[in-house]
Amino acid sequence: METFIRFIDIWKAFGPKRIYDGLNLDIVRGETITIIGGSGTGKSVLLKLLIGLLTPNRGKIFFDGREVTGSRESDLRAVRQRIAMLFQSAALFDSLSVGDNVAYPILERDPKVARGELKVRVAEKLALVDLAGSEQLKPAELSGGMRKRVGLARALAMEPDVILYDEPTTGLDPINTMRVNQLIVALNEKLHVTSIVVTHDMESAYYVSDRIAMLAHRQIVAVGTVREIRESTNPDVQRFIRGGA
Amino acid sequence: MTLTRSLEQVGASVRRMIEFLGGTATMAGRAVVAIFTPPWDFRALAYQIEALGLKSVGIASVTALAVGMVMGVQFAFGLMRFGSVMYVGKVVSIAIVRELGPVLTALMVGGRIGSGMAAELGSMRVTEQLDAIRSMGADPIRKLVAPRVLATLIILPLLTILADVLAVLGSMFIICLEHSDVTPAFYINSVFETIRMSDVISGTGKTFFFAMFIAIIGCYQGFSAEGGTEGVGNATTRTVVVTSTSILVSDFFLTKLFMAF
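Each protein sequence line maps, in turn, to chains X and Z. Take 312 as the starting number for the first sequence in our numbering and just add one per residue. Take 2 as the starting number for the second sequence in our numbering and just add one per residue.
Here chain Z stands alone, though its shape is the one from the complex (with noise of 0.2 Å):
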């Protein structure tokens, strides 16, 4: 009886499972689609580019200045023992340009933005403003889902370059204020003889398989809510979860990936 119990726990876990991915990736196809294709909807993208754009450039900055602050203090902390403060703008600018920057900002961004698009498209599931949209000839993955992902796609690189260099600043700032052996120009001198294209490939090319991710699980779960205000709120949950889940999972492999070119 346990038994049998359990493999159906085992069973619905798995159909489910299957049917996010399912669901997921049809969804993905379905919005590359329609982004490639006309119409186009400029002022939609317009306004989610300054809805989720604009407004993440706050949270992006106190992240990217907070830790590019505490990563110079530590890497200065270290290097000391071995005599080589000098060195801590280029272990720091390598650290934040190749997986500080991009994964700390597409989990900021990502919380923030992520869990909006579930509560909105959540709440227009649950009062029947898809089914509207839907009873209207439209389709809601091209009016909905299509300028938040591509939203998506331009502002998280975008972010993720300005939180490099704010990182970058931060850890400049507080390394000079407290060595003074360190001076600003020989920082940033350090960065730049350090940093290579490659680098700034690997880290901010990362953020676009980031932002599919984030607007991609958003969307589909705010399409998936069921059960009124409760359901809204469970979807806009999973939704942090499992973007986060999937940037740090996945921020692995891509790593490997961009490596490999």
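Just chain X, same shape as in the assembly (with noise of 0.2 Å):
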């Protein structure tokens, strides 16, 4: 199984608070890794560390064999092209439409794109987040399921290798929560690319996960199949999968 992304001993603090202390991660291409952990302990700050939308104080991040830490913004732009992120708060220009949202990413990397073209290309992936016929609407007039729809719609035009989710379902009702569950396995299947999801909801994590890594104490403490986190006997990872204190 070949590596695809590796953080190693990373190190990151926002002035007195710590983030993480040498924490190390390995992820193979190909496959969905889910980060689990409390709130607060620096989930999605791993996921822009590997985009470089922050830096590490200490450390190497590598991806497809490439060092991203140090690398300069123009040097940056070539990876960000192959990583696709659905923000939190799916992060949708309120300025444009949904369709002028998806375009966007797809004018970026070819601006002299053909405008039909470019119309079937949003028309397909707003289809494959179940938003055919969206294109026109703004997104103030989305509800909080269609944003992450959209977000994930946007992040796939940009025909990735690695999706980055971060809290994919939260503040989602358990209907849209398992829909976007669904997108995340069937996107994986139907596109193979290799997916990091942060987040804190258990159920999301077993439906969609390869493996899981348990970020705690600023480091990975664990990583695992699903199996081998639901049996696991390390004391962080079965107090925060049992909800206890």
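Take the hints with a grain of salt, since some may be wrong.
What the hints assert, rightly or not - PhoX-like cross-link-like pairs, simulated, lysine-lysine; straight-line CA separation at most 25 Å: (1) Lys-144(Z) with Lys-430(X); (2) Lys-449(X) with Lys-257(Z); (3) Lys-371(X) with Lys-328(X); (4) Lys-144(Z) with Lys-423(X); (5) Lys-449(X) with Lys-430(X).
Hints in this document: simulated from the structure, not taken from any laboratory.
Hints in hand, dock the two standalone chains.
If you want it as structure tokens, here you go:
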């Protein structure tokens, strides 16, 4: 199994608040790995470090054999065009319609794309997330679940090798939660992408993951398949998955 | 203990000031590079010219007319003591073209568009939209800052020229209305006799610097907004304060600079 993404001895702090003290994690190509952990443990920070939105104080991050840490902004752009991120708030551009939001990364990559082709590709991505025909809507007209799915369609429009999901089901009702979970699994099967999901929703984690990594005490304290994590004897893991104090 | 705390506060203020100066200078440099290098987004530029420029015509016009009329009334009142009402056009026009037109337009329009930029970009920052742009491999400076800076550089000098004309017409209207011995033709003639090209260049030239301050400070404060809606509100307030202060302080130095040429 080929290691696709590596976090090696990552140290990160925001002022006096330490987030990671020597975190290590390897991610295999094509897998769906879920990072679990309590609020404020730095789950989302891990995703932002990977695409260079944040930089570690120490340590190295490799993506497909290439070091990301210390790269210039211009070099990071090439990496970012292979990694799509679904933000916690979906981060849709309020001033643009749903269609223009999804078209944004396509135009960013190929500004001269033909209008007809662009339209087809946008419709195709929206259909993948069950939102066909919603091109003209504005983000303000969408429900929370729809916003997440448009965010996902925009991420897919980049035709990425990796999709990062930051709390994809937070704030959604059970039906929309299941819908998003099913989408994550279906997209992984259909597009063979590597997925990193950050969540504290254990039902979602069990549903979508090939492996689960537990973040606690500023490090990854356990990594394993869903079964291994369920049966883990690590007290941090057991306390978290059972919701104990 | 108190001395230590005071020194810490001074140190923190100095650090914030250095961060601000470094951050705005870096942003200005990157925006200028983006303005002069392709690809150019003419659609975004046109949108910003409309949003920042056309929608500021009203506020710039009302301010200019009101200031022109007040200046006319005050100078007529003062010069009447020396029997020199006929010189009102000369005095008012030179004051407006060299100083009041550029500075008041920059203050009024700057307050409007600078705070608008800080609020819009600040909202984008706290809702992760700026991160989303970067995560898609795009450059937020090129996408968001460069069109705003260029649009401000285009519209502020034009609005200033419009304000100069309206202020002069406003003062003419009130003088001719209240003093029958001053005709519109005489007034206009005295304005054209007085105003030289160097006055127009000095007044309008300053607005390019003011435009840069307004756009860069507004964008920088928006990009630095933190802490949800409260952070956006603080960024907007800071923009108005810092922009106004920068315009007023730099005006003195710019006036001396343009006088040297």
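Status of the hints after comparison with the structure:
Distance check on the hinted pair: Lys-144(Z) and Lys-430(X) sit about 22 Å apart at the alpha-carbon level, within 25 Å; holds. This hinted pair does not check out: Lys-449(X) and Lys-257(Z) have alpha carbons roughly 50 Å apart, beyond 25 Å. Restraint check for Lys-371(X) and Lys-328(X): the C-alpha separation of about 20 Å stays at or below 25 Å, so the hint holds. Our distance criterion of 25 Å between C-alpha atoms is met by Lys-144(Z) and Lys-423(X), whose separation comes to about 17 Å.
Of the pairs offered as hints, the one joining Lys-449(X) and Lys-430(X) holds, with about 17 Å between alpha carbons and a cut-off of 25 Å not exceeded.
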